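In order, the protein sequences belong to chains V and A. Under my numbering, read the first sequence as residues 31 to 461, first letter to last. Under my numbering, read the second sequence as residues 143 to 529, first letter to last.
Warning: the hint list may mix true and false statements.
Claimed, not checked - Among the chain V residues that face chain A by a calculated CB cut under 10 Å, a handful are: (1) M54; (2) D300; (3) D411.
What the hints contain is simulated information worked out from the structure, not anything from laboratory work. This one's a predicted model, so the numbers in the text were calculated from it and none came from an experiment. From the three backbone atoms N, C-alpha and C, an ideal C-beta is built for every residue, glycine too.
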Amino acid sequence: MALSWRAVALVLVGLAPILQWPSMTTVRWWLLGCVVVIGLDLLLAPSPARLAWGRSEDQQVRLGEATSTTLTVTNPSRRRMRGQVRDAWVPSAGASGERHTLDVPGGERRRMTTRLLPTRRGDRRTDRVTVRVWGPLGTAARQRSVRVPGTVRALPPFHSRKHLPSRLAQLRQLDGRSAVRTRGQGTEFDSLRDYVEGDDVRSIDWRATARRQHVVVRTWQPERDRRVILVLDTSRTSAARIDDQPRLDAAMDAALLLAALASRAGDRIDLIAGDRRVRGRVTPNTDRKALLHQLVTAMAPIEPVLVEADWTMLAGRVTGLTRRRALVVLLTALEPAAIEEGLLPVLPALTAHHRVVVASVADPELGRMRADLGDLDAVYDAAAAERTVSLRQRTADALGRMGVHVIEADPDELPPQLADHYLALKAQGLL
Amino acid sequence: MTARTGRRLALWGVLVLVIAIAAAALGGMRTANQVPFDPDNPEDNGMQALARVLEQEGVDVTVARGLPQLLGAPVSADTTVLVAGTALVGEDTGRRVTEYAAGAGRLVVLSPESNTTEALGLPVEGGSTAQVGAAAPSCDATLLRWRDGDRISHANRLVEVTGESTAEPCFPPTPGYNAGGARAGYLVELATNGNRPETVVAGIAGSLTNQHITEEANAAAGLRLLGAHPHLVWYVPAVSDAGDTAPQSLTDVLPDAFVPSVVLLVLALLATMLWRGRRLGPVVVEPLPAVIRSVETTQSRGRMYRRAQDRERALASLQLAARRRVAARLGLPVHSRPEQVVRSLAEATGRHTDELHRLLVDPTAPDDETLVRIAREVRSLEEGMIG
């Protein structure tokens, strides 16, 4: 139950009879009267349990964008119900305007819309819907909480998509679709055409030129239908926060940019996200447009888990995917201990069949600590930062000796660097 | 129990402790008894000294402050009843004191005011003449058996006999004061009659105070007055005894509607608490992820260096990193030997090898200032190479 200001006012009105008949007996009788009135009001209030609830379908929204959810309440009884409704969500769902006024005549239905602006990636759930229905006098209400389940899925924001147009332009150059066709080692023969000024003279096909009386060049197209396998490490190292977002989120950003680029280039994308077990999985899809959606949907609910990654299992999954040579991108952290004990032993099995790239999100704070020599404490911190960097460098060197390319960059820089590395591999035909 | 609730409990505990200490301190600071002629008043105008001496002499002193306490104290023929001042004794109170004292062995009225006749029904009247100098008994009183040497100083009230010839005034202001027919003295003895015990009306309250009891024969007079019986009921009239009606409580003087109104307001407050305190649904908790800052391990390492004051290790780490960057810039392999880096750098910059050795290789730093200075010099060396 719940009381309203009217109940308080009712008690206070008792001051009048007390001034008239000043005694404790008056107080007792007045109190009794109030209890009876409020109790009757409560008894006569319609039961909120009779209301029937429904909710609109679950929404998917990119993190940082707003959406809304609609509650539908049906009053199957004959009596009108007045009161309040609170559609409670977890705080990170960013619900606003979650309190609604309930006024449903008997047999009718009302809709209530709550705005949502999620503040964290992942599935943000509802809590309970609480409804309060007032009695005829409005002094007391019956209150009840029901579960009307709903979820808003906040997808990874894909901030790095701003880099996509420039990388696609580079890709088109490789692809031969632009005016100036470039030629590279790793390209496949496409067709012959007349020489125009600016073409690489090395691509002149002399045999065809001899036949055609004017100069003819060969055109090339990059390799297609290569396989790119993205391995997203969701273990403890991915939980570490860099500029107030988990390392995992930055890694997702890089993975999305690479996937978008590679799918345009005609390659096929696999995603394996996991630590001790696989938490998310996307298989190659012929539909290029659906791919990105599949990826963000698979990534959205993944949260960092505080366990050590089982690289043997993850590498086993990768080798089980294909026998063909593929580009394997390991999105993990360059933590010396985690890499040396977990990843290094299983790397040879991967590098034997595939081209392996390790992409790690670096912490810009480390650079700031290195740069600051302001006072004694700062110098000690700078020394510690240099030590961390040199340990990471050692790990990177060890990886490099095993034929693995290591990219370590700040959260903003990693996606374009990874994309550039992919383009470079593509241009050289090393996929 | 989480750390948060633990902290909250500790806070409450500290709060309760502070309140308890404050209450104790305030209680201790409560001002001492300052009621005139009170047996617990250690000030100049109190009578604690007399009361203590009486107790030492085996007299059982019962203090009654106000009429209700007096009427609650047991009284018998071996009890002395002392009325310490009549200024606050109203007529109604006086009558009940008289009734009470009828069962006592002796009634002593100290410091009688002009209301003594009406209030206590005694044939005497308190005057206002005070005397500093000593007065001699000069009377034939039998009750207290005064001797000539018993002199009393600092008496504060002259007692005049207004009727009843059995009254015996003693200690006149001057030896010849009563010669002209006046009957007055600082102390008047009244023999027992049907409704009163033997009674002494004494204006010598000033003599018996802590300030003056040691002078002349004041102490002896006090002991003789009050120590005749093994029990002494020491009645200190309270302010509430002065009125004609029975004692009143606070509620009697407030309007009739006051208490019911307050009760009603309290009820309204309770209703308000129920109104405002009821939430529309429970608090929703956020399933929070683990928050680990990525630089935490590095910062901890820095703190470890600092706590251990490991200047050499810190400096060596800075120098190693600087050597690597310098080597990369000079086109040397990353893992070149330190000497080789120093030599190449000396050739490139023209600086002396010893100085470069000190900056890039030698990790000794005898104190903190040296550490900071070398670190900055290394940095400026690197920056100089860029520029």
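Outcome of the hint check:
no.: 1; hint: M54; verdict: 6 Å, holds
no.: 2; hint: D300; verdict: 27 Å, violated
no.: 3; hint: D411; verdict: 4 Å, holds
The earlier numbered hint that this structure contradicts is number 2, and it is the only one.
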